[in-house]
Every structure is written in structure tokens, then in C-alpha cells.
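Peer 1: Chains as they are written, first to last, in this note's numbering: chain Z, 866 to 1116; chain X, 2 to 122.
Treat the hints with care, as some may be off.
[Unchecked claim] Pairs of lysine-lysine, DSSO-like flavour, derived with a Cα cap of 30 angstroms:
#, chain 1, residue 1, chain 2, residue 2
1, Z, 1056, Z, 1105
2, X, 20, Z, 973
3, X, 42, Z, 973
4, X, 42, Z, 971
5, X, 20, X, 42
No lab work stands behind these hints: they were computed from the structure. Predicted model, so just to flag it, every value in this text is computed and none were measured.
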Amino acid sequence: MQSLLVDLHIHTVLSACAEIEMIPPLIVQRALALHLDVIAITDHNSADNVGAVIEAAHAIAGSALTVLPGIEVTTREEVHMLCFLDTCAQVFELQAIVHAALPQRKNKAELFGDQYVVDATGKYIRTEERLLATATSLSVEQVVTHVNALGGICLPAHIDRPSYSIVASLGFVPPQLDIAGVEISSLTTLKKSVKWSAVCEHWGVILNGDAHRLSEMGARTRIRVVKPTVAEIRLALEGKHGRGVEVLGLA
Amino acid sequence: MHVRQVIKQLGLNLTAGSKIDVEITGGYASDLLSCVMAGAKAGNIWVTLQAHPNIVAVASLIELSAVIVTEGVSPDPETISRAQETGIPLLTTEQDTFSTVAALTQLGIGGTEAITGSLDS
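Let the sequences and hints guide you as you build the complete structure.
Peer 2: Take a look at the structure:
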């Protein structure tokens, strides 16, 4: 069993709202400085920079840092769902589903921000033209079904936030939803609110940075797993077979 | 009818944005930004309880005349500064969305392409 520090919610320059410093080499270096063992790249409705971060991690740190492919999907209810998979092939299958469900609208960089695809060194490759910072036509249920079918896991993102969160949009976490756990963005809001605390009693909790800039990355969650795969992370969130999750600072 | 008149008639707070002499073409109410992007028309006044910065981006995109943030929600500082930059009026009210829409209807603002009568300021 390994004890690993993780941050599973990191944006790159492909997300319009992310700062220009969110390029693969800097993300990897920041992760190493924080002693993270596992990170996940979760850009809005896209995964085109995941491969570049995986390559950068390999070049800079060998096998010391695991990079999980992910996407932060915006559902039609405007809920953000974190989707994690094990391989690039799987995440691109999810990306195809997500892109087909986006409205046919072009991004306006001056309003929403730039969406850049880059290589492992951070060098510009191309600009993503379609608007990614918007809702897909996929429901929460549909996203969960698709991700699970691909062999991945799904968690509603930052459930403690007033916007783009499953609790804010739906009022609660549907109990029948086949999610792996829930993500919170802050211990402060969790401890202050009975509502989030009640949710967290039923689901495994993870605390990630939702990093749009390097300073927002953090080592706030520890997982106990045999290896850093999504199946193991699910077991950890469910507290099964000796796997576990610990949000640091949460008693 | 201009945004200025609606502010006065409904007793709204002008939190940010200077373009209050823009003509209103109609109204739209939704808390889903994707809905607004699909359904609202240029010049519409938008009623929502969302207060995050993306509301200004959407208002710019669709060229809305103003955004009314309801339920006494305080817009984020980033939302306010974006409204200042774009000039799009960011209005707030303690009233809920339903009451606000009802009040707008009383002034003659119907749906996205419906505006009847005018007010003398």
C-alpha cells in the first residue's frame, strides 16, 4: 500500500479562465515542489493538453509523478463534474462525447479568456476555437454513465461552492448517482456549513486546488492505494479493502 | 425605455457599469448561462441570482442592456470590476427573481422581443 499526496483538479492554458503560467513544465515543477505524487489535469470540456503534461512529467521527473488524464465536464444543469480516466485513449473517447455535446459557438477570447493547446515544453501549438467555457447538453446522470462505461470515475466538483456545484444547482447530491465521491474546495466552508458536512458523511471527500494558477495547487489530500489508478482511487474514496482518503486538516 | 428608468422605477442599486442610457428591447430570466446564451436577445435586460464574473462575459457576448442580480446576492469583486470595464450596468436588488420579473412586466417589459409602452422619466 502506498500513501500518496494528490491534487486531482488542475487546469492548463486550455481552460479560458486559467493563467498563462499553467503550462506543462511549470505545473510539473510546482507539483514536485509540493511533493505531490499524483496530479490530474482537468480542463473544461477538453483534454488536449493532458498528453503534454504526461510527457513533461516523464521528462522532468521520470516516474516520480503520476499524471492522470481528466476533464472537468459542465453538465446541462451547469454542474461541474470531475472525470478521471487511466489512459489518454480513454480520455479522448470522453472528449469526443463532450465535444459533440457542446453548443456550436466559438470562443471569444476577449470575454472568456484564451484556450491554448501546447506541447510538453509549453510551446504554443494552436488555439482552441470552440467555446469550452459553457454547458454541454449532457445531464449529470449521462456524464456519470459515460465516464463509468469508459472505465473512469466521476465526482461532482467543489460541492461547497455557490455556483457550478451539484448542491447549488440541484439542491442535493442525488443518492442514486454512481459517483466515486465528492470534491470540496475549502475546509472553511465545509466546517461552517451543515449542508456540506451532511453530504460528506455519505460520500468519500477529496480536497483539491481547482488550480487556475500555480499558487492554487496544493497537497491537501492523501490517498492510501496500491497504485495510482482510478479504480484504486474509487476504492480509497469508498474506504474499501484497506484503501482510504485523508483530507489533511479535516478531523 | 432605458436602463436608467428601470433602475429608478424598481429601486435597483447600480453596483457598477455606466451605460444606463441603453435602450431595453425586452427581458430574459434564467440562472443557467447556457440558456441565456441560447435564448436572450441583444438589448434584453437579464434577471438572475448568479453573481460570478461569467455573467458579465455572457452579457457582453449577447450585448444585453443590463444584468439584475436578485435575492440580495452581492456580486463578486471580479464581477464588479468586469462590469466597470465593459460599462454594462450591474444592478442588484433584495427582491427575488419572480418579483423582479413581475415588476418589469408591470413596466411593459414582456419577453425577449416584447416591450410595450414607455415611461417618461
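Peer 1: Now tell me, hint by hint, if it's right for this structure.
Peer 2: Verification of the supplied hints:
{"no.": "1", "hint": "1056/Z with 1105/Z", "result": "25 angstroms, holds"}
{"no.": "2", "hint": "20/X with 973/Z", "result": "22 angstroms, holds"}
{"no.": "3", "hint": "42/X with 973/Z", "result": "18 angstroms, holds"}
{"no.": "4", "hint": "42/X with 971/Z", "result": "17 angstroms, holds"}
{"no.": "5", "hint": "20/X with 42/X", "result": "17 angstroms, holds"}
Of the hints listed earlier, there is not a single one the structure fails to meet.
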